[in-house]
Structure formats: C-alpha cells, structure tokens
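So the sequences go chain by chain: A and B. Throughout, my numbering is defined as the position within the first sequence, counted from one, plus 13. Throughout, my numbering is defined as the position within the second sequence, counted from one, plus 13.
The hints are simulated quantities; they were obtained by calculation from the structure and are not laboratory data. One or more hints might be untrue.
Straight line, CA to CA, 25 Å or less: simulated DSS-like cross-link-like pairs of lysine-lysine [stated by the list, open to error]:
1. A:K408 / A:K347
2. B:K114 / A:K243
3. B:K121 / A:K415
Computed spacing ranges between beta-carbons, pair by pair [to be verified]:
4. A:K436 / B:E362: 50 to 58 Å
5. A:K270 / B:Q454: 55 to 63 Å
6. A:Q116 / B:N400: 39 to 47 Å
7. B:E112 / A:K315: 48 to 56 Å
8. B:Y61 / A:Y61: 57 to 65 Å
9. B:K243 / A:I111: 26 to 34 Å
10. A:Q64 / B:T278: 51 to 59 Å
11. B:K133 / A:T240: 52 to 60 Å
12. B:E362 / A:G312: 50 to 58 Å
13. B:K74 / A:Q64: 25 to 33 Å
14. A:P458 / B:E362: 40 to 48 Å
Ideal placement from N, C-alpha and C gives every residue a C-beta, glycine not left out.
Protein chains: 2
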Amino acid sequence: MQMSTLVESLQESLSTSQVSTNDTARELHSKDESYHPPVTPEVVVYPYDAQDISEIMKTAKQFHRSVYPFGLGSSLEGHVIPTEDGISIDFSEMNRIIEVKEQDLLVKVQPGVTRTQLNKELKKYGLFFTVDPGADATIGGMAATNASGTSSVRYGIMRDQVRDLEVVLADGSIMHTGNLAAKSSSGYNLNGLFIGSEGTLGCFTELTLNVHGIPEHIVAGRAVFPTIDKAVEAVVSTLHAGVPIARCELVDEPSVKKANEFSDTNYPIQPTLFLEFHGNEAGLNQDLEFMKEIIKDHGCKKIEFEQDNAARNKLWEARHNLAYAYVHGAPGKKMMVTDVCVPISELAEAIKHARKVVDASMFEGGIAGHVGDGNYHIILMFDSSSNEEIQAAAKLNEEIVKYALAVGGTCTGEHGVGLGKQKYQAEEHGESLFVMEKIKQALDPESRLNPFKLVQLKE
Amino acid sequence: MQMSTLVESLQESLSTSQVSTNDTARELHSKDESYHPPVTPEVVVYPYDAQDISEIMKTAKQFHRSVYPFGLGSSLEGHVIPTEDGISIDFSEMNRIIEVKEQDLLVKVQPGVTRTQLNKELKKYGLFFTVDPGADATIGGMAATNASGTSSVRYGIMRDQVRDLEVVLADGSIMHTGNLAAKSSSGYNLNGLFIGSEGTLGCFTELTLNVHGIPEHIVAGRAVFPTIDKAVEAVVSTLHAGVPIARCELVDEPSVKKANEFSDTNYPIQPTLFLEFHGNEAGLNQDLEFMKEIIKDHGCKKIEFEQDNAARNKLWEARHNLAYAYVHGAPGKKMMVTDVCVPISELAEAIKHARKVVDASMFEGGIAGHVGDGNYHIILMFDSSSNEEIQAAAKLNEEIVKYALAVGGTCTGEHGVGLGKQKYQAEEHGESLFVMEKIKQALDPESRLNPFKLVQLKE
Numbered sequence: 014m015q016m017s018t019l020v021e022s023l024q025e026s027l028s029t030s031q032v033s034t035n036d037t038a039r040e041l042h043s044k045d046e047s048y049h050p051p052v053t054p055e056v057v058v059y060p061y062d063a064q065d066i067s068e069i070m071k072t073a074k075q076f077h078r079s080v081y082p083f084g085l086g087s088s089l090e091g092h093v094i095p096t097e098d099g100i101s102i103d104f105s106e107m108n109r110i111i112e113v114k115e116q117d118l119l120v121k122v123q124p125g126v127t128r129t130q131l132n133k134e135l136k137k138y139g140l141f142f143t144v145d146p147g148a149d150a151t152i153g154g155m156a157a158t159n160a161s162g163t164s165s166v167r168y169g170i171m172r173d174q175v176r177d178l179e180v181v182l183a184d185g186s187i188m189h190t191g192n193l194a195a196k197s198s199s200g201y202n203l204n205g206l207f208i209g210s211e212g213t214l215g216c217f218t219e220l221t222l223n224v225h226g227i228p229e230h231i232v233a234g235r236a237v238f239p240t241i242d243k244a245v246e247a248v249v250s251t252l253h254a255g256v257p258i259a260r261c262e263l264v265d266e267p268s269v270k271k272a273n274e275f276s277d278t279n280y281p282i283q284p285t286l287f288l289e290f291h292g293n294e295a296g297l298n299q300d301l302e303f304m305k306e307i308i309k310d311h312g313c314k315k316i317e318f319e320q321d322n323a324a325r326n327k328l329w330e331a332r333h334n335l336a337y338a339y340v341h342g343a344p345g346k347k348m349m350v351t352d353v354c355v356p357i358s359e360l361a362e363a364i365k366h367a368r369k370v371v372d373a374s375m376f377e378g379g380i381a382g383h384v385g386d387g388n389y390h391i392i393l394m395f396d397s398s399s400n401e402e403i404q405a406a407a408k409l410n411e412e413i414v415k416y417a418l419a420v421g422g423t424c425t426g427e428h429g430v431g432l433g434k435q436k437y438q439a440e441e442h443g444e445s446l447f448v449m450e451k452i453k454q455a456l457d458p459e460s461r462l463n464p465f466k467l468v469q470l471k472e
Numbered sequence: 014m015q016m017s018t019l020v021e022s023l024q025e026s027l028s029t030s031q032v033s034t035n036d037t038a039r040e041l042h043s044k045d046e047s048y049h050p051p052v053t054p055e056v057v058v059y060p061y062d063a064q065d066i067s068e069i070m071k072t073a074k075q076f077h078r079s080v081y082p083f084g085l086g087s088s089l090e091g092h093v094i095p096t097e098d099g100i101s102i103d104f105s106e107m108n109r110i111i112e113v114k115e116q117d118l119l120v121k122v123q124p125g126v127t128r129t130q131l132n133k134e135l136k137k138y139g140l141f142f143t144v145d146p147g148a149d150a151t152i153g154g155m156a157a158t159n160a161s162g163t164s165s166v167r168y169g170i171m172r173d174q175v176r177d178l179e180v181v182l183a184d185g186s187i188m189h190t191g192n193l194a195a196k197s198s199s200g201y202n203l204n205g206l207f208i209g210s211e212g213t214l215g216c217f218t219e220l221t222l223n224v225h226g227i228p229e230h231i232v233a234g235r236a237v238f239p240t241i242d243k244a245v246e247a248v249v250s251t252l253h254a255g256v257p258i259a260r261c262e263l264v265d266e267p268s269v270k271k272a273n274e275f276s277d278t279n280y281p282i283q284p285t286l287f288l289e290f291h292g293n294e295a296g297l298n299q300d301l302e303f304m305k306e307i308i309k310d311h312g313c314k315k316i317e318f319e320q321d322n323a324a325r326n327k328l329w330e331a332r333h334n335l336a337y338a339y340v341h342g343a344p345g346k347k348m349m350v351t352d353v354c355v356p357i358s359e360l361a362e363a364i365k366h367a368r369k370v371v372d373a374s375m376f377e378g379g380i381a382g383h384v385g386d387g388n389y390h391i392i393l394m395f396d397s398s399s400n401e402e403i404q405a406a407a408k409l410n411e412e413i414v415k416y417a418l419a420v421g422g423t424c425t426g427e428h429g430v431g432l433g434k435q436k437y438q439a440e441e442h443g444e445s446l447f448v449m450e451k452i453k454q455a456l457d458p459e460s461r462l463n464p465f466k467l468v469q470l471k472e
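All chains should be modelled from the sequences, with the hints used to inform the complete structure.
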C-alpha cells in the first residue's frame, strides 16, 4: 500500500477544491495586520462544517502537523501566523448566519461570518450585535481573541455575549460548551474558557450569541478638553456617577489630526472624547444634562452633538479608521499598537505616563482608546527594516506593559496574547499560568492547536 | 518518631482553637438546606487566611482525606455535605471586607462575608452588590455555585461580577485568577472557570467583585394577571421590547397565598409579577408607561406600585421568604426546589408543563422564579420518612429537568449541581463532560476537593 501525503489525505477527506498549496493562498495566510514576521503555512484548507474540521484534526494528528485557524487576518498579535509547518484553516466558506432566534435575542452563526455581515442581517429584525472592535473581523476570530471595542463599556466584551459554542477538539471530537438558557450553574464554564483561547484548545464551528434591540434613541457627540488628563478624569467621574455611556473613546491631539486628514473631518485639534448614549429619549436627556455638568467641572468647554445619522456614522468611521489613518500616513512602515488595560482609578496617571514614554521615544505615536474600560492604545509606526526602530518600538511596548502590570492591570485588554504578549504571561499570571498550562496539556497534549500562542508547553 | 494523627497535624499547622471534633460542630457541618441526607465530617477547621488553607490542603494530602468547603450551609443541592471521611472547612473566621475601591467600583472581601454584611458596608459609599439570591449566603458560597437571583435579569449573575479570585489549589499553592482591569484578553479565563466550580478545583480565599452605584430612582410594584401563562407572556414581550427590568419575579396563586400567611401581606391571590425598575427618574417613568401598555395587552388589569421604601422592602422580603413560608407551613417535612432554566421563547410552555406535572403529583407545590432569565422553581414539601414521597418528589424533579434539557435549557439555573444534579450532567453536557473531567483530573488528580460533586472522576 502506498502512503499518501498530507495534501492527498486532506483532499481525500475534504475535496480537492477545499485544499490549496497555491503560493498566493499560502502567502495570504502567512500574516495578519500585526508587525510580526510572516511564516508561510504548508497548506491552506477551506472547511464547510464541523465534520470537515474534525477530519482536518485527525489528518493533522496522523501527519504530526499543527493547525492554525484563520478568520480574516485582522488580528494584531500574530494569532494566525504559523509557528511551524502546518495547516492554515480558513473559515471563509463557513460564513452562514444559521438562525436568528428573535424572541430569545439570540443568533446562531458560523465562525466566518463578519461583524458587518451579521449586523446587516440583524437590522431586519431591529436587532444588533454589540461588540464592535472597529475592524470588520470574523465572529470566530473575535471570539477566539475575546475582542471588545468601543461599545463594551455599556454592553460587555465578547465573552459576555456567547451563549453556546460548537467546538472541534484536538482529537476531532465535536462538543457544545453551553446551552440556550440565559444562565446556568451546571458544570464548569466552558463557554468562558474557550472564548479568548485563541485557537489553542479547539476550533469554533458554530457560535450562539446574545443580540440586543437597536436602542430607541441614540445620541453621539464630541467633548473637547484642554488636556488629555482632564478628559480622562471626566470619564472616571462620569462612570462613577453611574451615567450609562454606550461608547466613550479618547482621541489625543495627534490622533484627531490624523483622523481629520484621513477621514475628511474637521474636528477641533484638541484632546477629545467621542461619546455615544443609548436609551429612551427622556432618560437619555436627563443623563446628558447630568454628564454635561460633570464634564464641565473637568474643564470641558464644549460638547458638540452630531445632528444626524450621517454625522454620527462619520464620527465612528473616523474613530474606527484611526489605525488605518496612521498606516496611510506612514507608507512602508509597520504598525505596532499597545493594548494595556488598567483599573479605572489608575487610568489618568497611566495615560500621563504613556504620553511621557512616547514623547521620550523616537516615534510620533498617537494615544486612543476605550477609556471607559481603562483600555488604551498607543499607535506607533516604525520601520521594520531598521533594527534600531524595531528594538525601540518593542522597548516602548514593554515599558507600557510593565507599568500596567505594576498597577494591577493586564498586558492586553482586547487584542489577545498571540505571539506578541507571550513573554508577559508569566509576569502577569504568576502561579495561575501553571493552571493554564495544565488545561492546555489536558486538552491538547501534543500541542497541535495554534502552538506557541497564549501558553507554551515545555517540550 | 511517633506518627501524629490528622487532628494533631491540623492543630499543629493551624492552632488548637481552629480545629474541632466536637459533635455539635460536626453535626452542623453535615448538612445544608437541601433534602440530601446529612453525612458527618471527621473534623471541622476554621482557617484565618490563605496560608491556613494551604496547610489544610497539604495535611489533607498527607492523610489521604478530602476537603469540603462550608460557607453558611444555605446551599440547596448538598454542596457542603461530605461524601467520605474528611475535613469540613468553615469560612466563618474569614469574614472581613478587606477594601472598598470606590473609584474602581470594586470591593475585595474574604469568602465568609455574607451578602447583607457586604451591602451594609457598601451603603456607606452609595454602592451595592447586585447579586441577590434571597438567602443571606456567603460571598464565597455564592461564587462557588455561580449564584444569581432576583436582580440578575438586569445586572448579571455571580460569574459576571468577579474581577479576581485568590484561590488555594489542591497542592496547596496559592494563585490569582484575574486582575483589577475591567477587561482582559490575556490567558485563559480562570475567573469564569473557578466561579461555579463548587469547591472542586480550589478554595477561594479572597474575591474582588464589581459593585454598582445605588440607583438614583427605584420603583417596585406588583402586576396581577388572570393566568400564569399571561404573566409569562407579558414578561417575554417586555424583555423583547427592551425595557430594562431590574427584578421580575413570577409568583403563582398558591405561593402568593403562602407569602400572605407567612409575611403578613395582603396581596391579591392571583398569578403576580413582582417587579422593580432602576434608573433616572425621567427614563424610568417613560419605561414604566411603555411597560404598562405592553402588559395590558397580556391581560394585566392592575399594576400596583409600592408607595414607600417600607412597602418595597416588604415586597421583596415576602418574595425572598417564600421558601421559608413553605417550610414553615409543613412542619417536619423536607423541601425540594427544582431549578431549571429554559430559553425565554420556551418559558410560557415550560411553566404550563410544570403546572400540569405538579397538579398530577401528590404534592401541592408552588411555582416561583426569576422569569426574566427563564429560571423558575417548583417548591415542594415532602415527607422524607416516606419512600413513596421521596420517589415521587425525585420523579417530579426529573420530569422538569428532562423537559428543560429537551428545549435547550439547563438542569440548574442558579443552585448548582452538588449531589442532586450530578445524574443529569452526562445528558446535559454530552461530549463536553469529558472536557470537564479532564480539567478536574488536571487540577485535582487525587479528587480530594469536594469529591463526587459536579464531575465525578472514574476511579
């Protein structure tokens, strides 16, 4: 009997058209939007369903290969980049919205569905999916990294939205992590464990998510502050007063400038909070009046409300395209985005520190972020052909991470560990990293699932 | 060298006063509020801190004993009952509120702190802890069972409130599961995994919890319906309309009667929703008007608002004491409470089914529950000296569970698995039960931590 190759075996268990060794396809699956150097996978597969993925897992085991789930490649820490010879699993053929369960405020989707695709469908029902990381990522990718974004201050992060996952494990078995009830005290919380596991424990093949009714009333606006500290203090006071902000984004001076250039807006070039409120009209008006009082005390001279839907959409487009604005403004350079999250009480000092670190560096660097959660980013453009710049950018990132850890924060608020934050896991988690390793060891003993990401098993 | 006994060793590593083999103490730690038969522990220990618990773990290992964490014994599925010779760990000496981090809306407590103790302290800061299971349970116990209760429809369950846990593992090592940031994508979600693990993966020694500002405006009331179905349909419609209800409790006719008798109220004896709303005054009034319209369409003839704080407190006291009202009305009998949770779209039918099952049984049985979450209870009093009644009660419970599982629900919405729901774990979780077993095996390979609860390792 002739032994078949890896590719032949994959073609046999899937179909020829679902398996590609084409150079373009492989190159496309070698990288994400991060600065981490690309590594080309041996082969790219395009599964249709859980059964296909189960077969891929079995073939991977038989041929001693690793698997690397790939959504749209919008990850920011190298999550999808192969670390050794292996199989890139592309979910683009698994992009069906399976069922909108309107009465339960649930939707069941395949992992390759994108955020905007989902919201377009949900709009027909007067519903929306709350998690908005800016990028039009896949739902599977957002679940794998526990994404969040602008509206998480009000509605929670990806982990809060998942009612059930269908998962294919390393051994090819297929299981569900949850059920359809709004709450449960039955068994260990596998939903929560798998969300944010970055493809290291299993592959998601179906996700059942909470959705919300589109709010009756939405108001967005911009509040301008004399300094970045004052803006941050205003957010902290507002949160503490219990005003339910739906989005609350800090954009510093250089970033407002970049946004104006890229998005053709004309916002005042000052530290600004981009804000949004959801609710019923009466309650919202009362909240807005209250908030205006609060932020006035922190030096806000002006809060400007967007007058129509188009202006509101423009505002969030400008915010969401900020990273692209930086990329666009620095052709040929690579982007590095820090992603720490600190306790709210530490936020004002942390951002002051961040500004100092940037000013002392060789980079321009803008600060922006979801300050209602204590999560902020420094966006840096660096020359990846210059060793000096690579090292300086890495040093800056490290300085920001160390500061966040020292004040009780985390090295990544929403981008995930991937390759870039691996080195901070021991410092951040201490003893609990051993528990994470034991879990990885128990579920993926041969470390075949996205190896070297998140936790790294000793050989 | 003389070998010391288990008790001597415990006395040595803790202190004499922290170790008791007194019959009364042991009897007190042999049971909870459930119908499960008591089993007496060999010894009861009263640790002061994590270090004490670490010592207890090491001694337990040395003497091949199991450990059974014990809060106040208010669990409803036998969670604290020893299943073999072992050590009951009583947390009553670990009842300090360590720190209120006002600006972060966080509080750090020891596990023996009770819910009312915590809220009394938080009130000084204008804050409150949202999870309210009715019973004045310990925070540690509530975390161990992933408790929820009346206000979870608005604020979420216990798992949603935990920012960080200090945990002592089976080997005596001490770790933290989280950090102080509002969100994180770093590492596996150990917070979520340990919450609801029922003492089977480790002992909590410190908990950092989210707290909320006391709402500006609170309105409570009772809405009376011609039938229980109509009441449930009204809840489903209200939720779907996006009205943010803070509490939403269904109490059926027999239960209103019991409440009136026990709590000296005079509520109309009809299927009733006990309701509460939190918000700013303007928003809340608009919500109330909207809700009144909705529930009128479902046959609600009257919604009566409580006019002052005393009447509001009375309302919730009556609801929370409902279980005790049943116990009080059936001296000598034991209580069994079902605890399924179903998808909201299935709730009306499920409660109709529950009523039929009760009517066909030999028991009276009241239905009450947190219907905003799809979680409802049948409260049954049965004679635990009668085999016939024991079997009939167990059969009824099973019928309710099987129904819930068949419609995508869970066998326990908030009470936990303990001893009583162990037998449904395979049916509910399918393949994922193997993953739970692997996790238990990885973290507690000798099955020393609350063995035979939640998952049961094969010998």
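Each hint, compared with the structure:
no.: 1; hint: A:K408 / A:K347; in the structure: holds, 16 Å
no.: 2; hint: B:K114 / A:K243; in the structure: holds, 21 Å
no.: 3; hint: B:K121 / A:K415; in the structure: holds, 24 Å
no.: 4; hint: A:K436 / B:E362: 50 to 58 Å; in the structure: holds, 53 Å
no.: 5; hint: A:K270 / B:Q454: 55 to 63 Å; in the structure: holds, 56 Å
no.: 6; hint: A:Q116 / B:N400: 39 to 47 Å; in the structure: holds, 42 Å
no.: 7; hint: B:E112 / A:K315: 48 to 56 Å; in the structure: violated, 38 Å
no.: 8; hint: B:Y61 / A:Y61: 57 to 65 Å; in the structure: holds, 58 Å
no.: 9; hint: B:K243 / A:I111: 26 to 34 Å; in the structure: holds, 32 Å
no.: 10; hint: A:Q64 / B:T278: 51 to 59 Å; in the structure: holds, 57 Å
no.: 11; hint: B:K133 / A:T240: 52 to 60 Å; in the structure: violated, 40 Å
no.: 12; hint: B:E362 / A:G312: 50 to 58 Å; in the structure: holds, 57 Å
no.: 13; hint: B:K74 / A:Q64: 25 to 33 Å; in the structure: violated, 44 Å
no.: 14; hint: A:P458 / B:E362: 40 to 48 Å; in the structure: holds, 44 Å
Taken one by one, the earlier hints fail for this structure at numbers 7, 11 and 13, listed in ascending order.
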